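Residue numbers (this note's numbering), protein chains in the order written: chain A, 10 to 92; chain B, 10 to 92; chain C, 59 to 206; chain D, 59 to 206.
These are calculated hints, taken from the structure and not from any lab test. From a predicted model like this one, the values you see are computed outputs, not experimental measurements. Worth double-checking, as some hints may not be accurate.
To be verified - Calculated cross-link-like contacts (lysine-lysine; reagent style DSSO-like; alpha-carbon spacing at most 30 Å): (1) D/Lys181 with C/Lys203; (2) B/Lys36 with C/Lys144; (3) B/Lys60 with C/Lys203; (4) B/Lys60 with B/Lys21.
As the list claims (entries may be wrong) - Some chain D residues judged to face chain C by a derived CB distance under 10 Å, without partners named: (5) Ile76; (6) Thr80; (7) Arg83; (8) Ile86; (9) Thr91; (10) Cys95; (11) Ser157; (12) Arg159; (13) Met170.
Claimed, not checked - DEER-style ranges, computed between Cβ atoms: (14) A/Ser33 with C/Ser157: 51 to 61 Å; (15) C/His190 with D/Trp205: 37 to 47 Å; (16) C/Ser64 with D/Arg185: 32 to 42 Å.
All C-beta atoms, glycine included, are put in the ideal place defined by N, C-alpha and C.
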Amino acid sequence: MTLLYFAWVRQKIGCSEEHVVLPSNVKTVADLVDYLRAFGAGYADAFADAKRLRVAVNQNHVGWDAAVGADDEVAFFPPVTGG
Amino acid sequence: MTLLYFAWVRQKIGCSEEHVVLPSNVKTVADLVDYLRAFGAGYADAFADAKRLRVAVNQNHVGWDAAVGADDEVAFFPPVTGG
Amino acid sequence: MTARISIQHEDFDVAEEISALTQDRTDIGAIVTFAGCVRADDGLTSLTLEHYPAMTEREIAGHVAEAQQRWPLVAVTVIHRIGTLKPGDAIVLVVTASSHRRAAFEAADFLMDYLKTQAPFWKQEERGGVRHWVEAKTSDDDDAKRWR
Amino acid sequence: MTARISIQHEDFDVAEEISALTQDRTDIGAIVTFAGCVRADDGLTSLTLEHYPAMTEREIAGHVAEAQQRWPLVAVTVIHRIGTLKPGDAIVLVVTASSHRRAAFEAADFLMDYLKTQAPFWKQEERGGVRHWVEAKTSDDDDAKRWR
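Chain A on its own, in the form it takes in the complex (with noise of 0.2 Å):
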């Protein structure tokens, strides 16, 4: 799985994007955020106020509750804020 992280998200996070082999527990994306918290402080930071932040799986806004797979691209950053 490709993750990518925008703005404060990636600032917290200290990288912009990663690629990761996830535990076959990892359904949804809110399993996905569970499982990232742990990577480490920057990441429980980032992740610490789930409504602070949007999710786009393969470039389509989705909820926390989409299913997420190995070939997936995710992208984790705050609302928009348009140019």
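Since chain A is already given, all that's left is putting chains B, C and D on it; use the hints.
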């Protein structure tokens, strides 16, 4: 009084601007139109159908009952078609 | 607010008009331009515009002032060409500058509705060597009524 | 319809973009441009835009296609700058060309509402050497809701 004609009113009458001294019984636009109709065939043709004409006194759109005086600039034209 | 109104035979340069409004300013967030061109509809070969100079300038200035009262505008430019134009030629330009995009959009739209429907211009179309005067359109009047 | 979408660091030239759309055409009656600039609000010294490239281009293309379905457009250009910009710098350009002015106005307005509210851009403002991320605004969202 200065009289101005635009578009096909100008073409029918054959001039764009003229200066006339009015008889004292011409007090309104309607009186003026009646007076001008007798100026010649072009005038009679131009003023034949009052519904097709618009009038401005001193650059303000007015109705047929508006007062006109010796110092006024009175313009006759078809409904504007805009730019 | 600065306002520039010109009724002219000459063509205009959109980029120049924009930069004249925005140069060295940092309070303008939004610039909307509307440029109108002559279309070759139904074999049109030329379009000739006649206007009532004293009334045109006075009325456009009045509408620019009204736009300024209704929306927070920093600058407005209105250029309208007269004389004989060919298909593809530019005929009218409205530029509105504001801090906010909605003000710039609405003011440009408002001014164009006025110019296209109420301004004292008369158009003569030429097709195949024959000229005829354009009749006033009601659909344009409906556009203009949106602002009342 | 032709459509050009560019997300770029470089500045753009409004006149060039207009003439690219209109050159040698006689079916375009109306060209609306919206140019957005960075304002020096409250002592802003710079604005940095970050975006999600794959999503930005895909979404903008989708909104341009939607605009094309809703309005009879001849051509659309969308240019959005990214990177660090200063007050007075141009940030976004939308150009819409149509036979009719209402279509050109509404399509430009629609695309700008999308770009200003829903497009995957994030802005960081700098004031007095301190940078902070801009929060999403609800008033912009209200603008975008007009089109639903």
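Here's how the hints hold up against the structure:
The hinted pair formed by D/Lys181 and C/Lys203 fails the criterion: a straight-line CA distance of about 39 Å is larger than 30 Å. Restraint check for B/Lys36 and C/Lys144: the C-alpha separation of about 44 Å exceeds 30 Å, so the hint is violated. Restraint check for B/Lys60 and C/Lys203: the C-alpha separation of about 21 Å stays at or below 30 Å, so the hint holds. Pair hint B/Lys60 plus B/Lys21 holds up; C-alpha atoms about 16 Å apart against a cutoff of 30 Å.
Taking 10 Å as the C-beta contact cut-off toward chain C, the hint placing D/Ile76 at the interface holds, the least distance being around 6 Å. Given the 10 Å rule on beta carbons, the hint for D/Thr80 holds: about 7 Å separates it from the nearest Cβ of chain C. Below 10 Å, beta-carbon pairs count as interface contacts, and D/Arg83 has one with chain C at about 7 Å; its hint therefore holds. With a cut of 10 Å, the hint placing D/Ile86 at the interface with chain C holds, because the nearest CB-to-CB distance is about 6 Å.
Interface restraint check: D/Thr91 against chain C, minimum CB-CB distance 4 Å, threshold 10 Å, status holds. Checking D/Cys95 against chain C: minimum C-beta separation of about 6 Å stays under 10 Å; hint holds. Interface restraint check for D/Ser157: the shortest CB-CB distance to chain C comes to about 6 Å, inside 10 Å, so the restraint holds. Annotation: interface hint on D/Arg159 holds; nearest CB of chain C at approximately 6 Å, less than 10 Å.
Among the interface hints, the one on D/Met170 holds; its C-beta lies about 6 Å from the nearest C-beta in chain C, closer than the 10 Å criterion. At roughly 54 Å, the beta-carbon separation of A/Ser33 and C/Ser157 lies within the given 51 to 61 Å, and the hint holds. Between C/His190 and D/Trp205, the C-beta spacing of about 40 Å keeps the proposed range 37 to 47 Å intact. For C/Ser64 and D/Arg185, the hinted distance range of 32 to 42 Å is satisfied, since their beta carbons lie about 40 Å from each other.
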